[in-house]
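Peer 1: Please model the entire structure based on the sequences and the hints provided.
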Amino acid sequence: MTEQSPPPPRRTFHLNLNWLGVMPFALFVLLFLVMPTMKIVVGAFQRPDGSFTFANIAGLFTPSILSSYWISIKISVSSAAIGCLIGFLMAAAMVLGGLPRGLRSPLMTFSGVASNFAGVPLAFAFLATLGPLGLVTVFLRTEFGINLRAMGFNILSFWGLTITYLFFQIPLMILIVTPALDGLKREWREAASCLGATGAQYWRMVALPILFPTILGTFALLFANAFGAVATAIALTGSSLNIVPIMLFAQIRGDVLGDPHLGYAMAFGMILVTGLANVVYIVLRMRSERWLK
Amino acid sequence: MAPILEISKLRKSYGSTEILKDINVSIDKGDFLVLVGPSGCGKSTLLNCIAGLEPITGGSILIDGQDMTHVSPKDRNIAMVFQSYALYPTMSVAKNITFGMKVRGVDQATQDRKLREVAQQLQIEAYLNRRPGQLSGGQRQRVAMGRALVRDPKLFLFDEPLSNLDAKLRVEMRSEIKKLHHRLGASIVYVTHDQIEAMTLATKIVVMKGGVIQQIGTPQEIYNRPANLFVADFMGSPAMNLIPARVRGTQVEIDRPGAAPILLSDPKVAGLPENVILGLRPEDIAEAGYRAGSDVQQAACQIDLVEPAGADTYVVSTLGGKAVTARLHTETRAAPGESLDLAFDLGKVSYFEPDSGRRLN
Numbered sequence: 001m002t003e004q005s006p007p008p009p010r011r012t013f014h015l016n017l018n019w020l021g022v023m024p025f026a027l028f029v030l031l032f033l034v035m036p037t038m039k040i041v042v043g044a045f046q047r048p049d050g051s052f053t054f055a056n057i058a059g060l061f062t063p064s065i066l067s068s069y070w071i072s073i074k075i076s077v078s079s080a081a082i083g084c085l086i087g088f089l090m091a092a093a094m095v096l097g098g099l100p101r102g103l104r105s106p107l108m109t110f111s112g113v114a115s116n117f118a119g120v121p122l123a124f125a126f127l128a129t130l131g132p133l134g135l136v137t138v139f140l141r142t143e144f145g146i147n148l149r150a151m152g153f154n155i156l157s158f159w160g161l162t163i164t165y166l167f168f169q170i171p172l173m174i175l176i177v178t179p180a181l182d183g184l185k186r187e188w189r190e191a192a193s194c195l196g197a198t199g200a201q202y203w204r205m206v207a208l209p210i211l212f213p214t215i216l217g218t219f220a221l222l223f224a225n226a227f228g229a230v231a232t233a234i235a236l237t238g239s240s241l242n243i244v245p246i247m248l249f250a251q252i253r254g255d256v257l258g259d260p261h262l263g264y265a266m267a268f269g270m271i272l273v274t275g276l277a278n279v280v281y282i283v284l285r286m287r288s289e290r291w292l293k
Numbered sequence: 001m002a003p004i005l006e007i008s009k010l011r012k013s014y015g016s017t018e019i020l021k022d023i024n025v026s027i028d029k030g031d032f033l034v035l036v037g038p039s040g041c042g043k044s045t046l047l048n049c050i051a052g053l054e055p056i057t058g059g060s061i062l063i064d065g066q067d068m069t070h071v072s073p074k075d076r077n078i079a080m081v082f083q084s085y086a087l088y089p090t091m092s093v094a095k096n097i098t099f100g101m102k103v104r105g106v107d108q109a110t111q112d113r114k115l116r117e118v119a120q121q122l123q124i125e126a127y128l129n130r131r132p133g134q135l136s137g138g139q140r141q142r143v144a145m146g147r148a149l150v151r152d153p154k155l156f157l158f159d160e161p162l163s164n165l166d167a168k169l170r171v172e173m174r175s176e177i178k179k180l181h182h183r184l185g186a187s188i189v190y191v192t193h194d195q196i197e198a199m200t201l202a203t204k205i206v207v208m209k210g211g212v213i214q215q216i217g218t219p220q221e222i223y224n225r226p227a228n229l230f231v232a233d234f235m236g237s238p239a240m241n242l243i244p245a246r247v248r249g250t251q252v253e254i255d256r257p258g259a260a261p262i263l264l265s266d267p268k269v270a271g272l273p274e275n276v277i278l279g280l281r282p283e284d285i286a287e288a289g290y291r292a293g294s295d296v297q298q299a300a301c302q303i304d305l306v307e308p309a310g311a312d313t314y315v316v317s318t319l320g321g322k323a324v325t326a327r328l329h330t331e332t333r334a335a336p337g338e339s340l341d342l343a344f345d346l347g348k349v350s351y352f353e354p355d356s357g358r359r360l361n
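Protein sequences appear in the order of chains A and B.
The first sequence stops at residue 293 when you use my numbering, and every number in between is there.
The second sequence stops at residue 361 when you use my numbering, and every number in between is there.
Wrong hints could be hidden among the right ones.
[What the hints assert, rightly or not] When the alpha-carbon atoms are kept at most 27 Å apart in a straight line, the in silico DSS-like pairs for lysine-lysine are as follows:
no., chain 1, residue 1, chain 2, residue 2
1, B, Lys209, B, Lys322
2, B, Lys102, A, Lys185
3, B, Lys179, B, Lys204
4, A, Lys185, B, Lys95
5, B, Lys9, B, Lys204
6, B, Lys74, A, Lys185
7, B, Lys268, B, Lys348
8, B, Lys154, A, Lys185
9, B, Lys322, B, Lys268
10, B, Lys179, B, Lys114
11, B, Lys74, B, Lys29
12, B, Lys21, B, Lys204
Derived by calculation from the structure, the hints in this document are not laboratory data.
Peer 2: Below is the structure:
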């Protein structure tokens, strides 16, 4: 009798129903992120008749559009830098300082809410507080004789927009940097102390190098966050400040002065800038997680 | 000569909770002091107090005759090796080791010389340019020790440094620490919950429980003459047999199941209270005929369990209502359910008061 080898196991297809759980999200991303992005990218290289062109991209290099990118970058950099600094100090005070432990939970909850507070409500809140007739503006003028407007401050300006952006930038920094500060091992500080290091030496030589990727990565994320903020800018400044989102809105709002395909090119430029910032964030975050493991 | 470390009447509280109570310990230069006890007994807190990482509530700490009670850790001239190693992940091994010298402004030539010496001593020359994340647990442990060694301190503090290593590596590193202690003549305070580590490394052991020192002594004193039931039970593996017994004049009576009580003659029990706990190490109970001496007495015992362990065989019997372990030779005839004559070496016996747990003899 000849020996027969057993038949190979039959491949069976098992539908993993767990994937159904992420289907709504995947569909949402496809419909409202991937497809619009593809439309923008393709539209940036098309004439109104659908033919291919580089003219829209070339149009980005006109003085007015370049200037709008420059202002947007300056506002994003300043709001990200100040947001990083203040957010880091607040988180450090909460995690490492001697503040009451009960403060942490409300601050984190507030940060979670405030980091998503933008658009018309935020613009209105700042107009109502720091606008020409805002509560704080009037209070400072009547009670202390401090006239913000006479001192050159205007909510509808570069610094006005920067301060407004800080309302969501600082909480976002707190949310991201707090876990990194939690990850600083107590033993690192104790070892430095036993080895003869001062507090400043510990921060300069041990803690900050460990936290640096997190801080730089979060700076990139905050930059992207500010660079892509459209609704707050439009609601607050209207057309008085030529930043990219406002120039972009002018191209696509549908009136005869607009050029939708130039708008697509501007949006494409924004995607590149924010995409680059996000890549920087992801790379640095992976690096910082390696340190803090 | 003044002790290298002298702790007097030390107390440590967190709010109303007292963690360390009236701690008095001193060691001489070159001593290897091991603080041992179960989790939560306060041994790591005591080490942190010596390092200055935890402020103390009362008492004093003198290092080499100088009062360090309120001195900051960086000025105590100590070096500490942490359980988690506490190596800096962004720095190379070389930079980790020289970190302490760098912050204290030691010149570069001295830093390089000491780094070379320590790297050679600990056999880590090949890893100097690696980061801690690229090292194994044992290599990290060596780097952590190297960082402490270059400090050249008056006192080394080790906080459970081997607890993150696997069993084999732990034994290797334990030997290396012992060799290092002999070679350098260093004064060391070492925290562990592992009583084997304590016995093998220490020149002096402090056994702690609930923030209170239970006994201070050499490993032999702690092992042979435990001060109380806690120390007797905690030190040694298998633990000391603690058998409830009754004193009858100069005899000790121990219940055994299904037979008349065992009567052992021991003049030491004269004058002891009626109810005692008799403590005898497993190696002090042998198979009859394998242990001789005037203090050795035999009794037949029912064997419940036989556990061959390679070099020895452990047999378990029930005496005084407790499981009693005897360490026998490997060729023993003992079998579960059968009776075996066991020889009890009463020259090694300890007696304890059942209620207070204190030693009676």
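Peer 1: Confirm or reject each hint.
Peer 2: Now the hints, each set against the structure:
Proximity of Lys209 (chain B) to Lys322 (chain B) is assessed by CA-CA distance (about 24 Å); at most 27 Å being required, the pair is judged to hold. Taking the CA atoms of Lys102 (chain B) and Lys185 (chain A), the gap is near 21 Å; set against the 27 Å cutoff, the hint holds. Of the pairs offered as hints, the one joining Lys179 (chain B) and Lys204 (chain B) holds, with about 17 Å between alpha carbons and a cut-off of 27 Å not exceeded. Restraint check for Lys185 (chain A) and Lys95 (chain B): the C-alpha separation of about 18 Å stays at or below 27 Å, so the hint holds.
For a cut-off of 27 Å, the pair hint linking Lys9 (chain B) to Lys204 (chain B) stands: about 19 Å separates their Cα positions. Distance restraint check for Lys74 (chain B) and Lys185 (chain A): the Cα-Cα separation of roughly 18 Å lies within the 27 Å cut-off, and the hinted pair is therefore satisfied. Distance check on the hinted pair: Lys268 (chain B) and Lys348 (chain B) sit about 11 Å apart at the alpha-carbon level, within 27 Å; holds. Simply put, Lys154 (chain B) and Lys185 (chain A) have alpha-carbon atoms about 26 Å apart, close enough for the 27 Å limit, and the pair holds.
For the hint linking Lys322 (chain B) to Lys268 (chain B), the alpha-carbon distance of about 23 Å falls within 27 Å, and the restraint holds. Note on Lys179 (chain B) and Lys114 (chain B): the hinted pairing holds, with a Cα-Cα distance of about 19 Å set against a maximum of 27 Å. For the given pair, Lys74 (chain B) sits about 21 Å from Lys29 (chain B) by alpha-carbon distance, which is consistent with the 27 Å threshold. A C-alpha spacing of about 20 Å is found between Lys21 (chain B) and Lys204 (chain B), which places the hinted pair at or below 27 Å, so the restraint holds.
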